[in-house]
Structures are given as C-alpha cells and as structure tokens.
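Top line first, the protein sequences correspond to chains R and P.
Counting in the working numbering, the first sequence runs from 1 upward without gaps.
Counting in the working numbering, the second sequence runs from 219 upward without gaps.
Hints listed in this document are in silico derivations from the structure and should not be mistaken for laboratory results.
Be careful, since some hints might not be right.
To be verified - Which bits of chain R does chain P cover? Going by a derived footprint, with three or more residues having C-beta under 8 Å, they are:
1) 32–41
2) 112–126
3) 205–218
Built from N, CA and C at the ideal position, the CB exists for glycine as well.
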Amino acid sequence: MSADAWSLLFKALWETLYMVAFSGSICFLLGIPLGVLLYVTREGRILENRAANMVLGGIVNAGRSIPFIILMVAIIPLTRLLTGTSIGTTAAIVPLTVAAIPFVARIAEGALIEVPSGLVEAAQSMGASPLQIITRVLLPEARPGLINGMTITLVTLVSYSAMAGAIGGGGLGDLGIRYGYQRFDGVIMLATVVVLIALVQLLQMIGDRLQQHYDRSH
Amino acid sequence: MIELKNLTKVFAPGGTEVKAIDGVDLSVPEGTIYGVIGSSGAGKSTLIRCVNLLEKPSSGEVLVDGQDLTRLSEKELRLARHNIGMIFQHFNLLSSRTVYDNIALPLELAGASKQAIEQAVLPLLELTGLGDKRHSYPAQLSGGQKQRVAIARALASKPKVLLCDEATSALDPQTTRSILSLLKDINRQLKITVLIITHEMDVVKTICDRVAIMSFGKIIEENEVEQFFLNPQTDLAKEFVRSAIHEKPIAEIEARFQSEPSEGARPVVRITFVGQGVVQPLITKAARQFNTDFNILQADIETVNEKAMGFLMVEIMGEPEGIDQSLQFLKDNVQVEVIGYVS
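One chain only, chain R, in its complex shape (with noise of 0.2 Å):
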C-alpha cells in the first residue's frame, strides 16, 4: 500500500473514531436519563406516571422505527441549526447522535429493570428520595448491564458512522465505498474492512474488561 493509502487509511479512521467519540458521548449523556425516566415511570415502579411513560416510550419508539439513512436526510435543518452546515463529520455526528439516543435509552431502561426491585424496597426502607434511589442504587447495580449497551451502542455507531459517508462524512466507510467500490481498489477496501474489523473487536473487548471489573454479583 502506498504512503498515499496510509494517510487516507488513518484519516479515514480518526474521521470514524471522532464521530462515534462525538456522538457516543452525547448520546449516553442524553440516553441514559432518558432510559431511567422510561424506568422510573413505569407501572409499579418509583414514579410511576402513565402518561409521562407513554409519551416518553411514544417518541423513543418514534426514533427507532426511522431508518437511519433517512433519519439522516430528515433531520438536514436540524443538523444545519446546530453545526452550522449539513455535510462533513462534525454534521454526521447530529443525526448519529438522534438515532442512538433513543437506543440507548431503551438499553439503559433494560439494564435498570435487570436490577432487583427488592433493592429498591431496601433503600425505601431506609427513606431514600426516588433521587437517591437512582443514583444510590439503581445506577450503581446496573452498571455491569450499562457498560454492556454502551459497548452495543459504540459498535452499532461505527457501523451506522459508515452510512454517514452519504453525507460527505467521511471515514471509514466513506473510503471503502470510494475507494473500494467505486474505484475498485481491492487494497484499499480489504485495509478499510480490516480496521473496522479490529476496532470493533478492540471496543468489544475494552467494554467486557470493564463490565467485569464493575460486576461483583459472582
């Protein structure tokens, strides 16, 4: 492969890892208390609240059911609001941002139903606020489950951050299909596929260190 390649190849892998950085971040920063909103509201739970609940699941089933390559395209004036522009990787970040948000909202409520509710009853018992309770109890005891959607989520935006090449996003997608498909450089496409590979292996392992290191059920 040629210097040329190289950089492109590295270029490439620094515009993916700043995307799923980006939006990775803001969307577990945004996700998760919408995850334990979905979890607390829920019937039987600290504050419970049907209609909250409904609205709340309403729009996050909303958000999932739109496929993200036009999820992208719709969003276009959104995008330009926040960053000014619609295409380039600092765009491509607002509509991976969106579609991962409710994802990780559901995976979030998902690790917080895992936890025993008996726990919850303990720390009532002790005269928690439901404040408390979330970030005394909850979070801490679904953490293991937490850190195990994050890494679903963080895999899922390196695949999704591909798509976003449509959008002038760049990365590494972006240069497989440029390079790969269009221009049939079968080098550049097996270097592209190889670091996808190895980067999400490498993320999947990182999160699994941590999960077990958080995990003292057994």
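We have chain R already, so just place chain P on it with the hints.
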C-alpha cells in the same frame, strides 16, 4: 412502640378485590420481640410492609413511636423511616458495594459525614461478627453472613424498631439459630423493639416474647408466648403448637384410639407445663392417691422463650372414679386437655 389500628389493605388485581389485611389491631410493646405467624398467603408480609408504609394501607392507622405514619408527607415519612430498620428474606444487599459500604448506605442517605459513618459502622461490624469481612462483596458471603450484613445495615441509623420479614426463611436451621440469637442480643443490648414475620414456629419459640396468629388477613389469636404454648385457643394455634413440639397424631401411635368416650375407654390427656421437674411428682402423687396408672405415650421438653416447657401425653388407667379424681387433681395443678380415648 408499634400500634396498628383497624388496619385494612385491599388489593384489586383485575377488578376483583382481595382483602390482604382485614381490620387488624396490633400493639407491640416497647422493647419486646413480637412474632406474627401464619401460613403463606395469610397477609403477614403485607402487614409488616404496612408498618413502614412500603405498602400503603387502604384504611386504618399505623403508629410507630407515637407518630401516625399514614398522616405524614413523603418527606416526613422518609425521616420517620430512619427510625425503622428492616431486614428481608432475600437480604437485599447491593452487589456493587462492599460489606462496609452496604452498612454505610443508610447513613450516606441521611447525609452523615465520612467520619460519623466510620464511627457507626465499625462497632456494627464487631456486633454482627463481620470484622474480617469489611472489604468483601455480598457475592463472596454465605447466606447467614449476608443476613448479618443486612442486620448491621438496618441498625446503622440507630432505629427504635427493627422489622424482620421472613428473615430466616432462606437459611438452614443452624444459621437460623445464630441469626435468631443475634437478634435477641440486639434486642437486649440496644433495647430495640423487634417485629418478626415468620411461618416457622421455631422462630417464635426461640426468641419471641409475644405472638399473634394471622389467618386470611385477620389476627385470630394473640398472647404471651408461654401462655400461647400452654393454652392455645384456636385450631390453627393448636396446630402450630403441635408442630413446634413435634407431637405425633395419637392415632399413629395408638391403633385403639377414638375421639369419643365409650364404656370402659380410658382417657388420653395432653399435659402442658412450665419448668422441669414439675409434673412427675404430680403424676406419682395422683397415681398413689387415686390408685391409678399412667401410661406415657409421648413426652417432650422444649425451650420456649428461654424457659423449659414440658409436653406430655398420657393414658390414665384405673377405676372410673379414680380416673376422674386423677384428672381433676391434675387440672387443678397444670394445663390438661383430654384429647381422646383408648379402649
């Protein structure tokens, strides 16, 4: 210390109303260990969960230390709960926290300083015999150790009341005994009032001062534990006492057994008494005085609330007049019940 007044809890799953608690009045005196026993589904667990309002009663009053919890705001209720510790059948420890941090949790929630937490937790580790487990996680502990952590945690906020919801039901008999003796120690040393919900008569027998029997959401009998064992009133209470003293049904050991008297049939009586060496002189005296013989069918000495209590089943043989006189003599001195006849 705990007073329940006309307490009712109605569940309505799928529209049909079920009265889990049906007009219960209960009074737990300060400093006692009070047991509520009943079969599963009797409403015991719902009852104890009403005491700290984990379950909101449908009607009635819940007074703890003179305060009616049902009239408190959410915030006041949270404060009141610092005064009421609770332990559970399945321990409910946080798997992500060490033993030390689990015990510290109620204090953290109350906003105590690190120093204050350490000052409270270290003596509790000693009291519950967990000094060397400080840095362990719950998954590394046995069931008995987990319940000890839960007890230490429940005591951390220095409550006046400790609620135990089937606290020994998931433990083996030996561990159960050690947990019960820990509860008794706590009750004595810290002067904490303990309310225990259980389906195991052994728990009542070992540590309770008073006991109430619950059936279909109602308290059907309530008494001091010794009186309860000496003289149970309801059929359910009698059944529980019999199971606790391992009494076999008489028909199993006496093929000639009949429940009604008939010509020439001899009475079988159950004699219950407190204290060792009480009943034997009585029996020999009756035998000598009224010229009767006593055939001992079953005998058992049990420790009830740290007192020796004897249970004896005898067949009285002799002339009808002598039998009647012997019976009367025994009735004047100990708890006697004619449970049937053999011919």
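Status of each hint after checking the structure:
no., hint, verdict
1, 32–41, "violated (count 0)"
2, 112–126, "holds (count 9)"
3, 205–218, "holds (count 4)"
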